[in-house]
Each structure stands twice: as C-alpha cells, then as structure tokens.
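Q: One-letter residues, chain by chain:
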Amino acid sequence: MLDLVGRKLIYLLPVLLAVTALTFLIAALLPGDLALAMLGDQATPENVAALHQKLGLDLPLWQQYLHWLRHVLSGDLGTSHRTGETVVHAIAGRLPVSLELLVIAQLGGLLIGVPLAMLCAVRPDSAVDRVVSGVAFGMLSMPPFLLAIVLIFIFALRLGILPATAYVPLAQDVLGNLRSMALPGATLALLEWPTILRVLRSDLISTLQEDYIAMARAKGLTARRILFVHALKPSSLTLVTVVGLNIGRLIGGAVITESIFALPGIGRLLVESIYTRDFIVLQGCVLFVAVAFVVVNFLVDLLYAALDPRIRHGRA
Amino acid sequence: MAALDATGALGTAGAAAWRRRRLGTVFWLAVAWIALVLLLAFCSPLLPLADPAKMSLLARRAVPSAAHLLGTDALGRDLLARLIFGARSSLAVGLLAPLAATLIGGALGLLAGYFRGWLETITVGASDVLLAFPPLVLALAVTAYLGQSVPNLILVLAMLTVPAVTRIARAGTLGVRERDFVTAARALGASHTRILLREILPNIMLPLIAYFLVLVAVIITAEGILSFLGLGVPPPLPSWGSMIAEGRDNLDVAPQIAFIPATAMFLTVLAFNLVGDRLRSITDPRRAGS
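Those sequence lines, one after another, are chains A and B.
Per our numbering, the first sequence runs over residues 1 to 316.
Per our numbering, the second sequence runs over residues 1001 to 1290.
It is worth saying that the hints were derived from the structure and are not from the lab.
Some hints here could point you the wrong way.
[As the list claims (entries may be wrong)] Residues on chain A that point at chain B, a partial pick, calculated with CB under 8 Å:
hint, residue
1, V19
2, S141
3, F153
4, V255
5, V286
[Unchecked claim] Chain B regions said to be covered by chain A (calculated; three or more residues, Cβ under 8 Å):
hint, segment
6, 1133-1141
7, 1212-1226
8, 1248-1258
9, 1263-1274
Glycine is no exception: its CB is placed at the ideal position from the N, C-alpha and C atoms.
Just chain A, same shape as in the assembly:
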C-alpha cells in the first residue's frame, strides 16, 4: 500500500506543477495589457505603470511564473484589486458554503440513487427498471440551469414555499439556512442521482450473477438479506469513485447553481471575478479549484486501492 502511495505521489507532483503553469499561462493569453484590462476606466499612465511594477509584468514570462509560484507556495494568492481582500481570505470565507452545498448534494443524490439502483438491479429489464432507467437517462440530458429554473418556477414562484435567492448563513439561523439551501441542494442532487443509479445498477446486476450469490440463495437466505448484506458492498467500488469525483468537481463550487441561487460560494466568487475583471481573484480561484480537483482525485484513487484488494496488491 505504501509503495502504491509513493508511485501515485510521483505522478501527482508533475501534474500539480503543470496545473499551476497552465493556470498562470491562461492569464498570458489575455490580448493586450493585463494592467490596462484590470484598471478599466481608471487607467492612467501612472496607474498602469504602478500596477506593472506591482505585478512584475515587465519581467520575462518564466520569471513572472517563478515569482508567482514562490508566492503561491508560501500561501499568498495575491490581493483583490477591487476590494483589497486577500484571495486566500476570500476563498476561505466562501468555502463553507460550497462545502455545505456539496454535502447536501451528495447525500441527496445517494438517497435517491442507491435505493432506485437496488430496485432496478433486482429485476433488470422489468417495467420498473425501464421507467427508472429512462427517467435517469432523460435527467442526464438536463442542463443544470434548466433544472434550477424549473425548481424555482414550481417551488418559489408557484407554490411559494421555498426561497430562491435569499441565502442565510448557517451560524445565523440553522433552519433558515437549510431552507435557503433546499432548492440549490435539490438541483444538484437531482443532477447527481442518475450517474449514481447507472453505476450502482450495472455493478449490482453483475454481482448478483456471481456464484457466491447463487450459493447464498441455495442456502435459503432471503432475497433482501442477499441484496443488502452480500451484494451491496462488493458492488459499491465504482460508486465510491463516482462520488469521489463528484466531490472533487463540487469542492470548487457549483458555478451555475451558486450563481442562479445567489449563494456566496467559490463558484460564484469565480464568476463575479470574471464580471468585475478582477483577474487576480480569478487566477486564485482557478488555481484553488484545479488543485482541489487533482488532490481529491488522487485521494479517491488511493481509497479505491484501499478498498479493492486486487489493486492494493498490484494484481489488477
């Protein structure tokens, strides 16, 4: 196992380095002058020159990158040019919102997806299975903002039982917070369950055809016991990966959902930084999101190996 961690780590480091380089280089794509673009209306020759000095824009690109990387490694992602807030502080302030949304979305998705997958896998190709799988396929084609709008229309406008955009911090009012998280959480959960269903359903179906399940049936165990005790655990390996990947994706905030429901998470910070041309914040957000994504994927890989003895012992 330790050997495996080592091998994966050797691969992780160059990827992380490449991710930082690419994040940095995207900014170099900007046609024209970064300082000019950031200052917008307030650009005077003195302002521009001062910002050039501050950002080191006159240095060659590779020196700029090393300079920037050194700051990043010491935990300095720069300071917002508009608000004067450090990027690290801005991200840290918004991370809890994105994390709460992530937890609600994953729990909701599992709560819908796992029971339905078991229901379908017990009788593949039955009427129930066909309907549920069909609905799941349809949901996979649903663009996230469409689903959000449908939910807002039904629950906030027509029924008027849930708020669409009034975010309440958790520390201020727990119940109010959960109410304000209900629609965005439901949007993401409804987008997640079809993937969960598809993966678990197909793994369960193949597990249920194994010899040891036939053996358990022959011993006279109930179908329920076989499904829950004998089949579910060995079938959930791919599911662990899928949920892990979702977490990696959502840890950087759900850009669309947070924007539509006006949740102050990382996804919204990123979009706002684009609207306000606050490129330092944008760069910091992209770096955070990408590094979080890579690191979570790495951990998921390890978890998968820890769960599956075939991979753990390098025999897969």
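Dock chain B against chain A, hints included.
A: This is chain B only, laid out in the frame that chain A set:
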C-alpha cells in the same frame, strides 16, 4: 459483426427495415428532431421570420398569436425568430467545436497509439494535465481572458474536449494495431499512411462518431451555461442559453419566455444523447445484447 453479416444476407429494403426495428422508434424520433432543428437553423435566413433583434415596446411579453406564433420576449422581440436564430448559434458552437475536437483528437490518438514512443508520452501527459482541470472552470477562465466571440467559444470548447477524444482514439488504435490484418498490410509493404487510414481508421470510426454525437450534446449544454451566465455568445446574437437567462427575469409573469427555449434545448441535447448512446451500445460488445 453479426449485424454486418445479417445485413449482407438480407436485401437492401429488408436490411433497412431490420435496422429500423433494431434501433427503435425513439432513435428515429431523435434523428427526426435533430434533422428538423438542423434544417430550421440552416435555412433561417430564407424563412419568413421576423427580425430576431427588432424590439417593440408595444408588444412586450405578448402571448402567442398569429403575428407572433410563440409570442414575444420582455423587449417585444419575436420568440420564434429568436428561437430559430438561437438554434444557429447553439448548433454552430455545438457542431463545430466537437468536429474540431474529433479531427484533432482523433488524429493525435491515432498517431500516439500507432507510433507509440515519445509522441505517445507527450500526448498522454498533455491530455492528463488538461483533464486535471474541471472543464467548466477552465472554459470560463479562458473565455474571460480571450474575450467573448463565437470563434473563441468554439476554440475554447474544442480545446477542452480534445483530450477525451484522444483517449478514445488511442485506446481504439492500441486495440487493433497488433491484429493480423494490420500485420498482413505491413508485410505487403503498405506505408504507415496507408495502414493508418485504410486499416486502423475504419475500425475506430464508429466509436468516434458515437462519441462525437455525445460531445455535441455536452457542448450545446456548455455553450448554454456560458451564454446563460452572459459569458458565451455575445449579444445581440440570440442563443438558447441567453434567451433562457432573459426569460428567468420574467419567470413569474411570462414563464413561456424561458420555457420555450428551455424545451428546445432539452429536446436537442436529449436527441443527440439518445442517438450517440444507441450507436455506442451497438459498437460496444459488452452491451450489444441490451
């Protein structure tokens, strides 16, 4: 392969009927919808439509009538005209970006899988780095820096989808490069170009086409997301995403302004997914029975 033998045994008319039964009614409904949307989008300048950018303060949020078959939006613009011209933007991005990605990624994957060596190392490494980014975040960031325009949008979305296509093409190539017919072609003195184009490419074509169709669905969604956030197709050009964003502000008084483009977009994404998934299940031996 059994499918090919069977079609050979039947006459052409019989083969067509057989194939239709196998692919299912839903598949052909999806194909029909895609054809309709493509036709309307392609012919939109020739159709007797209102000007999609012409505003009319007297006819704001009009319900469907003879003058405006689908009604008007919050600025009094004809919804049907905007829907069809919006399809042009959505499909231009949704078809050209996957097309570019399939050509570039297909070529890279083919070369990497065939020649192996340093070319493969670089291709796989570069793909892994691009895949390490959450795609939507990368798309948002790059368009923010490059500036909003339809060509930029196509460029960015194509660049983001190249790695996935490369993977599929490379895996397919690795699967056939040691097969007997390739060895035979090599023994007969065929050039690399000939082996790549005549022996290997036809064998990875179907999975690539199936993936292309799924990509179209993915990219139409991505374009919708970017335009919905106001960071995709620049105004005044209509696109389904920006139409839905405009409709959201009128959801309480005139929900149809958002729901008409939303329905068109959902059906189109669903149709491409259905067709792509069906083709993929035919090519995937593990799922051939389903």
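Q: Out of the numbered hints, which ones does the structure contradict?
A: none
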